[in-house]
Amino acid sequence: MNVETLSKIRLFGFAVAGLVCAGYSLAALASNSPDPFAPWLPAISAVAAAAIIWVSALSAGDSKADAAFDEFYKIEWRKAVGFAYWFAILLYPIFAVLMALGWVSSPTAFASMGTASGAAPLLAFCFITLRS
649 MNVETLSKIR LFGFAVAGLV CAGYSLAALA SNSPDPFAPW LPAISAVAAA
699 AIIWVSALSA GDSKADAAFD EFYKIEWRKA VGFAYWFAIL LYPIFAVLMA
749 LGWVSSPTAF ASMGTASGAA PLLAFCFITL RS
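Counting from 649, one number per residue, gives the positions in the sequence shown under the numbering used here.
What the hints contain is simulated information worked out from the structure, not anything from laboratory work.
One should not assume that every hint holds.
[As the list claims (entries may be wrong)] Computed list of lysine to aspartate or glutamate pairs in DMTMM-like fashion (alpha-carbon distance at most 20 Å, straight line):
#1 656 x 718
#2 656 x 724
#3 656 x 710
#4 727 x 683
#5 722 x 683
Between the sequences and the hints, there should be enough to build the whole structure, so can you do that?
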């Protein structure tokens, strides 16, 4: 396995886990239910992605894993986490208005905000990586 393949596996794992979390968040909002489908699915997808990335890095060897997770990866990850922080902060006033209007229940808001906050850095990283 080379560095490029390891980077693609990481990107794919982040994308799948991020899309599952974002899908759960949107489904919770659309159905106004805190559990629109199996509530363990976002966590399982994230753990599975982490396991696949870890096993891939382990099988690639230290030098290739170090090259795939280099300074450029860290810069992109910092940008993604920075965006995700402000995205999560912005969710509070948005959901406060939605709950005040009675459009979203408190448990639904909690589930939707939590999974959206989890999806944000993963999908932002994918977007940043694909743009560079």
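A quick look at each hint next to the structure:
1. 656 x 718: With a Cα-Cα distance of about 14 Å, the restraint between residue 656 and residue 718 holds, given a limit of 20 Å.
2. 656 x 724: holds, 15 Å
3. 656 x 710: Holds. Residue 656 to residue 710 sits at ~17 Å (cutoff 20 Å).
4. 727 x 683: violated, 31 Å
5. 722 x 683: violated, 34 Å
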